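Enquirer: Chain B: place on chain A using the hints.
So the sequences go chain by chain: A and B.
For the first sequence, my numbering begins at -17 and goes up steadily by one.
For the second sequence, my numbering begins at -17 and goes up steadily by one.
If you are wondering where the hints come from, they were derived from the structure by calculation, not from laboratory data.
Accuracy of the hints is not assured; some may be wrong.
Note that the list lumps identical chains together, so a pair holds whenever it fits in one copy or between two copies.
Said to hold, decoys possible - The list that follows gives simulated cross-link-like pairs (lysine-lysine, DSSO-like), each with its CA atoms no further than 30 Å apart:
#	residue 1	residue 2
1	Lys50	Lys(-11)
2	Lys278	Lys54
3	Lys200	Lys254
4	Lys200	Lys283
5	Lys165	Lys(-4)
6	Lys200	Lys54
7	Lys(-4)	Lys158
8	Lys(-11)	Lys165
9	Lys54	Lys(-11)
10	Lys(-4)	Lys252
11	Lys51	Lys(-11)
12	Lys233	Lys54
13	Lys158	Lys(-11)
14	Lys11	Lys211
Since we're looking at a predicted model, the values are computed, not measured.
There are 2 protein chains.
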Amino acid sequence: MKNKENKIINFNNKPYIIGYAAVGSEYEKQGPLGGEFDYIVNDPTAGEECWEQAESRLQKTALGIALKKSGKSNEDIGVVFAGDLLNQCVGSTFGIMEYNIPFAGVYGACSTMALSLIMASAFVDGGFVNSAAAVTSSHFCSAERQFRFPLEYAGQRPPTAQRTACASGAVIVSNKPSEIYVKSAFLGKTVDYGIADANNMGAAMAPAAADTILRFLKETESAPLDYDKIFTGDLGQVGSELLYELCLKEKVDLRSNHLDCGLLIYDRVKQKVGAGGSGCGCSASVLCTHILNKLKAGEYKKVLFCATGALLSATTAQQGENIPSIAHLVELIRI
Amino acid sequence: MKNKENKIINFNNKPYIIGYAAVGSEYEKQGPLGGEFDYIVNDPTAGEECWEQAESRLQKTALGIALKKSGKSNEDIGVVFAGDLLNQCVGSTFGIMEYNIPFAGVYGACSTMALSLIMASAFVDGGFVNSAAAVTSSHFCSAERQFRFPLEYAGQRPPTAQRTACASGAVIVSNKPSEIYVKSAFLGKTVDYGIADANNMGAAMAPAAADTILRFLKETESAPLDYDKIFTGDLGQVGSELLYELCLKEKVDLRSNHLDCGLLIYDRVKQKVGAGGSGCGCSASVLCTHILNKLKAGEYKKVLFCATGALLSATTAQQGENIPSIAHLVELIRI
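Bound conformation, chain A alone (with noise of 0.2 Å):
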């Protein structure tokens, strides 16, 4: 570990999440995770006249229920920290807006959603706020058409690729005891393995959970079956056996207890979505569905959720760039 000062963040003040919502589209509707999201918007655009307005629409409407379920109100917010993969983030400069709470833009691609949430969690823990909103979101349809090509294109993707969810997860944090806390995050670092390829993003973000995962675990002097289960989103298939086998060369096995966010939000192979679902939409919606759920439950007591993201942009990529990527690692205490 080359850096010493990148250590643990415990927070030891118990930020507690007291309130998340999910939102999708029919296509997460169809998904294993279907019955869960708490709002399916009944077609893409939302009701709104573009994609990006109708992937901010989700962003409210996350936001406007997670707000609900956790009995406060946008006035109780000190602070929402939101991103997205819209060039400038506009998705979360739109969604959030009406509500009248101190924004602070945050970045991580499809890690996001652990970005925001460590960002949350570190301003309940110092103080700083009574409570913050984590809140982030990708919608296929603005995503393939900034990234790739207009849908009109019909565009054919390689197996290695992976599905933008169309979706958004919030989640608030507070002081406010709950039945499930933030116990520490892991702020990862810029990763680059030398992958250029935009239609296998899997690669390009497995060498950044493995660094993150692993350095984590030798830090808290932890061993992966001492969680109920480590999450990473969005590795997808291809992406998962890189991670396996980039983290048996260290040996430490994630086989038994690791599930990736972008395998769970889809049917991979009834619902054709290549190597699994991505984007910012795709972690924070399992986050806010299957992890907190069965955390809430007491089904899970302890988990690792490590959101990866692959930082590149269309011009980047169009540049020969390779794609770095991050991985962003909270650990989340059931009661």
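Expert: Just chain B now, with coordinates in the frame of chain A:
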């Protein structure tokens, strides 16, 4: 004030500014602050192959010099908060990757320096890290082609337009005592006054600056003259005048001790920059030259740094959306 939780964040443990650096190009060198920049790149490519890489080079250089001046190495920094105007913040990703420091991406458009400095201060003040860095940049050439036209098109800009600075600023915040510290911060809300002219960012951002400054003064029960200077960045000529107007309506007169980073960085008339400078690198480099130098020299004892950001993308501008804006404020004290 609708949001009762939108409070001043008081940093009780005095996060200190132990190092800072500004990097610019020949254009910034020719401006009134030219002599205060730590490093000037010979030409706008900064020796790189494209404008985006050049922008990353600015960040890399600024962070390197700031670290050196602070007496710290990359291994001493627990987290770097960085962001920029480029799609998916790639200027920061590629700019700071080599330093091997945990990376938290932030996005606040041209307000990013204030936002990243607030985050760095909060993480030091909360005891989550011993030292943190805040970095941002902008580049005239990468911004022009991304937001407006390719340079080769030689597009004419109206006099209300501002010139994106080719500059970067980096600040090292630490719990190790120094002469300057961050006393408090105030996170802004997104403000939309219905401005949709992407060539008049000053007008779009002035209401956000007014909103943040007026609410800060009200909550702290202070008056403009309680501070040696109140800096905004980057409202330019048009936005600064609007700011005065909006504040005078609330019986607050900023005219005698307000300065705008967009008006400080260039000689507006001689350098033909329209309404002034802009871009994340503008307020960042003015902070890391004029403001922090004068604080260090003891010429200023107490200043407010209120950086402003226009939260648009080329897509939302083309879709006819308004330009919502935000202003984040930092209070800096010379011991």
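Enquirer: Please go over all the hints and tell whether each is borne out by the structure.
Expert: Results of checking the hints against the structure:
1. Lys50 to Lys(-11): between (35 Å within a copy, 22 Å between copies)
2. Lys278 to Lys54: within (18 Å within a copy, 43 Å between copies)
3. Lys200 to Lys254: Classified as neither: same-chain Cα gap 37 Å, cross-chain 56 Å, threshold 30 Å.
4. Lys200 to Lys283: within (21 Å within a copy, 45 Å between copies)
5. Lys165 to Lys(-4): Cα proximity of Lys165 and Lys(-4): in one copy and across copies (6 Å, 25 Å).
6. Lys200 to Lys54: between (38 Å within a copy, 25 Å between copies)
7. Lys(-4) to Lys158: both (9 Å within a copy, 27 Å between copies)
8. Lys(-11) to Lys165: Both: 14 Å inside a copy, 25 Å across copies.
9. Lys54 to Lys(-11): Answer is between; shortest inter-copy Cα gap is 17 Å, intra-copy 33 Å.
10. Lys(-4) to Lys252: neither (41 Å within a copy, 56 Å between copies)
11. Lys51 to Lys(-11): between (33 Å within a copy, 24 Å between copies)
12. Lys233 to Lys54: So Lys233 and Lys54 fail the 30 Å test inside a copy (45 Å) and across (34 Å) alike.
13. Lys158 to Lys(-11): both (26 Å within a copy, 18 Å between copies)
14. Lys11 to Lys211: within (24 Å within a copy, 55 Å between copies)
Comparing the model with each earlier hint shows violations of hints 3, 10, 12; every other hint is respected.
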